[in-house]
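Chain by chain, the residues run as shown.
2 protein chains.
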Amino acid sequence: MPRPANPLVRENLLTAGLSLFHAQGFNAVGIKEITDTAGVPKGSFYSYYSSKNVFAAAVLGRYWTGIVQDHGTILSEGSLSPVQRIIHFFEALTQDHAEQGFALGCLIGNLALELSHENEEAREELSSIMTRWSALVAACLRAARNEEAVVATPAADELASMLIEAWEGAAMRGRVDRSRAPYDRFLTVSLPRLIGAA
Amino acid sequence: MPRPANPLVRENLLTAGLSLFHAQGFNAVGIKEITDTAGVPKGSFYSYYSSKNVFAAAVLGRYWTGIVQDHGTILSEGSLSPVQRIIHFFEALTQDHAEQGFALGCLIGNLALELSHENEEAREELSSIMTRWSALVAACLRAARNEEAVVATPAADELASMLIEAWEGAAMRGRVDRSRAPYDRFLTVSLPRLIGAA
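For the record, the sequence lines run as chains X and S. Per my numbering, the very first residue in the first sequence carries number 47; after that it's consecutive. Per my numbering, the very first residue in the second sequence carries number 47; after that it's consecutive.
Please keep in mind that the hints were generated in silico from the structure rather than gathered at the bench. A hint or two may mislead.
Said to hold, decoys possible - DSSO-like mimics (lysine-lysine), calculated; alpha carbons at most 30 Å apart, straight line:
| id | chain 1 | residue 1 | chain 2 | residue 2 |
| --- | --- | --- | --- | --- |
| 1 | S | Lys98 | S | Lys78 |
| 2 | S | Lys78 | X | Lys78 |
| 3 | X | Lys98 | S | Lys88 |
| 4 | X | Lys98 | X | Lys88 |
| 5 | S | Lys78 | X | Lys88 |
| 6 | X | Lys98 | S | Lys78 |
| 7 | S | Lys98 | X | Lys78 |
| 8 | S | Lys88 | X | Lys78 |
| 9 | X | Lys78 | X | Lys98 |
| 10 | S | Lys98 | X | Lys88 |
| 11 | S | Lys98 | X | Lys98 |
| 12 | S | Lys88 | S | Lys98 |
| 13 | X | Lys78 | X | Lys88 |
All chains, full assembly: derive it from the sequences and hints.
As structure tokens, this is what we get:
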């Protein structure tokens with residue numbers, strides 16, 4: 047009979063997985079390393095997650111929740127203009143990456159490109175995160191359009207996706223070069239040009 | 047005494063590595079799978095490459111050479127305007143990805159985000175490829191500026207990097223969603239806005 051799930055163990059597994067996958071990638075990390083880091087017996091992993099793929103999806107969900115908790119409020123900060131909110135949001139993400147010396151990049155992007163195209167669980171979670179991320183930024187873009195501060199096309203969700211995609215590409219290059227230069231050109235040139243900031 | 051290197055074996059190893067890394071990633075593929083696919087004994091691998099990391103750098107070099115051979119001439123095609131050449135070049139890359147159902151993305155981006163930040167050999171090759179790629183596109187941007195067809199700032203290499211980074215982000219999202227939509231919005235909206243095409 048399976049033992050009842052312990053929320054603390056689940057939490058420790060997610061924290062360990064997030065840190066290990068971000069530093070080393072998905073395939074380079076074994077389940078034993080995850081359970082050792084979490085301080086739980088290896089056998090307990092499968093009481094919580096049916097597979098490493100399912101676990102990767104949960105880790106991605108946790109990573110995204112952390113971003114929203116840490117920085118999501120910037121996007122509804124009433125004292126800033128909608129365009130300023132968007133810029134501050136991406137600046138805050140840049141600061142997170144700076145704290146890792148630009149060596150680790152964004153876990154969402156890393157796993158999006160590492161995981162096999164046959165890992166359906168994680169792919170669906172990645173797709174869902176991208177959609178939620180776009181929706182968050184799109185809400186700000188709509189507010190900016192109400193003030194006629196940005197160009198009217200394309201649809202806000204499309205434009206938000208373009209921003210996020212350009213951001214992810216900047217994070218990729220930043221990781222390769224261990225440099226903030228790609229982030230800076232995204233923030234100061236790409237972002238304003240893409241939204242056609244007035 | 048090491049046997050003399052056989053160029054055909056080296057070629058077969060690179061071809062096998064490129065195909066396997068692109069389909070499955072770097073860490074998911076073992077050296078035996080590479081040598082089996084190449085049709086050579088496992089032991090011969092180390093006669094050609096001192097490590098899997100060094101091999102990854104060589105595979106990336108081969109992938110980039112293939113892109114230049116297949117599509118590089120578009121960027122100096124005299125019958126097209128410089129801006130048209132840039133658009134056609136990225137359209138050609140999109141067509142390559144379409145042929146894989148947008149499931150595999152760009153090997154450069156995939157390995158940039160999968161490989162450990164401790165894999166110096168591959169990181170240096172990735173950085174060098176990004177620089178060469180930017181230089182290729184930047185030459186076209188300079189020609190476009192001579193015709194006053196694109197905005198004058200930032201420096202052509204910076205602007206070329208912004209385009210390539212936005213492209214890589216689009217390929218990432220396209221891989222997650224198995225969709226050409228991110229490529230299409232890059233080609234029709236992001237690219238012209240980033241270069242400020244007249």
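Q) Against the structure shown, which of the earlier numbered hints fail to hold, in ascending order? A) none
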